[in-house]
Amino acid sequence: MPSKADSAVSTWPLGGREWRSRLIVGTGGFRSLEQMESSLEASGTEIVTVALRRVDPQAQGSITDVIERLGLFALPNTAGCYTARDAVRTAQLAREAFGTEWVKLEVIGDDRTLLPDAVELLSAAETLVADGFTVLPYTNDDPILARRLEEAGCAAVMPLGSPIGSGAGIRNPYNVRIIVEQASVPVILDAGIGTASDAALAMELGCDGVLLASAVSRAANPELMAGAMRSAVEAGYAARNAGRIPRRLHAQASSPEEGLPEL
Amino acid sequence: MKIMLNGEERELDGGATVTDAVALVGASGADRGVAVAVNGQVLPKGEWPERVLHDGESVEVVHAVQGG
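So the protein lines, in turn, are chains A and B. Going by the numbering used here, the first sequence opens with residue 1, and the numbers climb by one from there. Going by the numbering used here, the second sequence opens with residue 1, and the numbers climb by one from there.
So that you can see chain B by itself, here it is in the shape it has in the complex (with noise of 0.2 Å):
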């Protein structure tokens, strides 16, 4: 299936989950001040390894950055 990840097109395999996509830019809930937002909804650390990922869905994973 794909989905769109931080703004690219990305391939996953079917019953991927939020975790599994967290992982592939590179973080994971073990990092402090990540957060994710699916289909522009926020979605709770607590939620992500249950929560599976269908085709054309968007996430977006966010941390902070330098800003004013």
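Here chain A stands alone, though its shape is the one from the complex (with noise of 0.2 Å):
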């Protein structure tokens, strides 16, 4: 049985490397560097994700600075991609940035849903596998697309709970079982959590981790929050990890019926 203190320092492995933290936390949407510095620093996370775009000559401030500043993983995205084709070149393009090839991949298949185009994001998995890219991919909440994902070679899979920043949490709690229940790579709950029950949840139906951003950097008060799912991570783990007491009908009393004084 893992001691609480174990549970509190034990590593997992993704990608082939050992991480501490099982929150990864998207850097988009924060209102500022200064807040997400202080949000990703509160949310104890090792592994943050960034976008790709073109090169703005009156952008300030550098989101590399401060990553690099906080010793953190930058996992570049193709967010915003709709063919395999754009996402397989914008991982390429994200390799030779950031010198890494791990990448999240993201294949959408409209701007209302944003939910993930199964048959691109297979084609891209492919090919960025046999590239030699640690593939991360968003995917649907199926299982057989997320078996479909583990057989191409993909070191995680990463089912949505719900549709990119709808805070919907976990639509389909059964599916996100299965999809565990079935893989022999990490899952990792991405997109749709509002709150810090749902990653809680996440953990608790089996997940490794929980992958979030609007959640955190959207909330009326982002580090107050991004603390609050650190902490709902590590406790539904541990609830997960402590084995939590069958649901019953009726109640069961704890304290003993014997010894009942006759008053």
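Simulated from the structure, these hints should not be mistaken for lab results. No false leads were mixed into what you were given.
Here's a subset of chain B near chain A, in silico, CB distances under 8 Å, partners left out:
#1 25
#2 27
#3 33
#4 34
#5 37
#6 60
#7 66
#8 67
In this text, a Cβ means the ideal position worked out from N, Cα and C, and glycines have one as well.
Join these two chains into a complex; the hints should help.
Structural data, given as structure tokens:
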């Protein structure tokens, strides 16, 4: 049985490396770089996602400086890509820019739902794995697609809880459990987290980690929410390992029935 | 000659290289986290100074920004 101390310090493997924090934080949506920096610190995260966009000569401040100052690992994403072709080219640009072969692979189907395009996603994953990338795909909560992505050689599968930025939580916990049950690579709940209880639920369902952005960056107090998410991921993970009691229809007294005084 | 630089048409002298184009958007090879694609294909930083641009080519200069 893992003790409390064990679960607090135990590491988990992702992409051939060991990590302490099970919370991955997206850097999008913060109102300022200062707010992003204090929130990332409060979250205890070790991995942060970044996007790749055209250099803007007018832009102020550098996200790369902040990430380096905090000693975090920058995981580039392919956000905004609608085709396997664009996602592969974006990943290759990111590899050149960051000197990393890791990529959070996103290939979306439309801008209203931002849901993954399963066909393009699998195609991009196959191409990138063959090109030596460590592919972390943002995917639908579909156990069959998750299996296909794992078979394609992805380093993890990252099913959505609900659409990106919706804050609607985990809409299909049963599918997430099935994905966890069959996966032999890490499962990271990605997208849809709204508040701390959603993150705790993801871990209780058996996920290895949680990836979130808007829930923290667009909260009224991002720094406070970042700390809440850190606690929630740790609490959910500990609760899962602790073995919860079964759900019952009726009550079960915890105080002894024997020795009750006659009054 | 005219090239497309980050989606905008720009006039460059004949013989201009990718390094020259990168400078036009305020970046340089010394910046960390900058990457370039020419006609959609990644061009490693070491090849920027030698890669001469031709009329009608497209250059994208990208770097990291905040994103989920």
